[in-house]
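**Q** Residue numbers (the UniProt record's numbering), protein chains in the order written: chain A, 1 to 397; chain B, 1 to 102.
Check each hint, because a few of them may be wrong.
Residues from chain B that face chain A, not an exhaustive set, calculated with beta carbons under 7 Å [as the list claims (entries may be wrong)]:
1) 44
2) 46
3) 63
4) 75
5) 81
6) 83
7) 87
8) 89
9) 91
Covered by chain A, per the in silico footprint, the following chain B stretches (three or more residues, Cβ under 8 Å) [as the list claims (entries may be wrong)]:
10) 8-17
11) 20-29
No lab work stands behind these hints, which were simulated from the structure alone. Positions of the beta carbon are idealized from the N, C-alpha and C atoms, including for glycine.
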Amino acid sequence: MRGWRRSDGRKGIRNYVAVAYLVECAHHVSKEIAWPYREQGAHVIGFPGCYPNAYALKMMQRLCTHPNVGAVLLVSLGCEGFNKKLLERTIKDSGRPVQLLAIQENGGTRATIQKGRDWVEAQLKELAAQPTEPMDVSELVVGTICGGSDATSGLTANPAMGRAFDFLVEQKAAAIFEETGELIGMEGWMAERAITPELGDELKACVAKAARYYETLGYPSFAPGNADGGLTTIEEKSLGAYAKSGASPISGIIKPGDIPPRGGLYLLDVVPDGEVRFGFPNISDNAEIAELIACGSHVILFSTGRGSVVGSALAPVIKVCANPRTYARMADDMDVNAGRILEGTADLDTVGREIFDLIKQVGAGEMTRSEGLGHQEFILTYKSFEPIGPACLPAVA
Amino acid sequence: MANSETDPRLLVLAPGDNIAVARLEIAVGTALQVAGRSVTLQRAMGFGHKIALRDIAAGERIVKYGAPIGSATQAIPHGGYVHSHNLASDYMPSTVPVEAAP
Numbered sequence: 001m002r003g004w005r006r007s008d009g010r011k012g013i014r015n016y017v018a019v020a021y022l023v024e025c026a027h028h029v030s031k032e033i034a035w036p037y038r039e040q041g042a043h044v045i046g047f048p049g050c051y052p053n054a055y056a057l058k059m060m061q062r063l064c065t066h067p068n069v070g071a072v073l074l075v076s077l078g079c080e081g082f083n084k085k086l087l088e089r090t091i092k093d094s095g096r097p098v099q100l101l102a103i104q105e106n107g108g109t110r111a112t113i114q115k116g117r118d119w120v121e122a123q124l125k126e127l128a129a130q131p132t133e134p135m136d137v138s139e140l141v142v143g144t145i146c147g148g149s150d151a152t153s154g155l156t157a158n159p160a161m162g163r164a165f166d167f168l169v170e171q172k173a174a175a176i177f178e179e180t181g182e183l184i185g186m187e188g189w190m191a192e193r194a195i196t197p198e199l200g201d202e203l204k205a206c207v208a209k210a211a212r213y214y215e216t217l218g219y220p221s222f223a224p225g226n227a228d229g230g231l232t233t234i235e236e237k238s239l240g241a242y243a244k245s246g247a248s249p250i251s252g253i254i255k256p257g258d259i260p261p262r263g264g265l266y267l268l269d270v271v272p273d274g275e276v277r278f279g280f281p282n283i284s285d286n287a288e289i290a291e292l293i294a295c296g297s298h299v300i301l302f303s304t305g306r307g308s309v310v311g312s313a314l315a316p317v318i319k320v321c322a323n324p325r326t327y328a329r330m331a332d333d334m335d336v337n338a339g340r341i342l343e344g345t346a347d348l349d350t351v352g353r354e355i356f357d358l359i360k361q362v363g364a365g366e367m368t369r370s371e372g373l374g375h376q377e378f379i380l381t382y383k384s385f386e387p388i389g390p391a392c393l394p395a396v397a
Numbered sequence: 001m002a003n004s005e006t007d008p009r010l011l012v013l014a015p016g017d018n019i020a021v022a023r024l025e026i027a028v029g030t031a032l033q034v035a036g037r038s039v040t041l042q043r044a045m046g047f048g049h050k051i052a053l054r055d056i057a058a059g060e061r062i063v064k065y066g067a068p069i070g071s072a073t074q075a076i077p078h079g080g081y082v083h084s085h086n087l088a089s090d091y092m093p094s095t096v097p098v099e100a101a102p
């Protein structure tokens, strides 16, 4: 692998220009700015809300200083509540070029698009000339998620990704799993894997919080489609999602925007703290992907049975298809065919190793299917979190 | 890990599991070797659906992937179909700790 070294010592496997809108009113202008450069490394991210939110600010700070990002254009309407000066300062302090354009002060849509494009084009030229350095597996952060699941997800893709996670952790990379709402019933098992008893208690509390949150929302954690696919109980469904975490000890719990302090396996707690506010914790898979990326993930492993097509802005998504029939229909969207396990032509270890090797190839510059197809989905909504407690990141002896 | 006396159309996920999973759709009336015994399917098995690898008593835990996924609500015979008519969740949200994470 090779990476671009940033001032905080982390390395990026991509060198993108992020075009970030700071309110929905600046979204169109941002898209127009980035569009001609979408295949050359301009990615649109942003926060649509007009009212300030500490979580959204932290997410944008982490995303704009993500190791895969080399320069940032901030696009403001001008009157929104986002703390754009603080975000601009954070980016500048990270050593990255940053430009803040307020549409109201720059002559409106057309003039701002032109100014933005001029800036992005100049930055892309600069970034293309920046040298890379060799990068080790131990410098990687990898996130995992499942979406569009069916009964095959828990049988093939998720446990195979779990094997890949084990290989990563063995080589001192940081691996992050999440979806606490889909771990309900598994908390006792998870707690036994924690590196300290106190972390085990935190893991249980984390799942209890998710259960309570979803109960309040009436979230359909077990859908009729799950039963049609052969799943009978919430434990059984959770077990399938849980298999993504592999078998390594659990080193800590982080929240969106927290960066794993060292290699190991981490649970990302995505469920907001306090009373239920702002609706569903994550309104779609890309909201979770954005959080995994804000935690520093260079690459996302995405398991799908029914056939999701999404990618993401800022970090490549590796699609692991669990169902051989889905793979046959949608091979162009899939990076790995884990359905071979069901057909009896590959075992979990083989596919796990294949995923691990692919991560390294992507880290060496190879494009994933969703990257090649131009997928750059991104979504960020309101949330609120308390900082993690001291037991969540135990010191390593 | 797969039981050699079990039809390859069934997937035994971990040693100690008392159910296996269908790799593909299997028609009603099909004769299958299930953990050393021949069984004739009393109903079609959908892809991903479960079959008992031995006699399971009412109240016994159903184990998949080495982990309990709930308990049998009635006796399930060797080779019997396992789903919501005879398997229910053990998970009781009220038994988990209610303190919020700090």
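**Q** Name the hints, by number, that the structure is in violation of.
**A** Failing hints, ascending: 1, 3, 4, 5.
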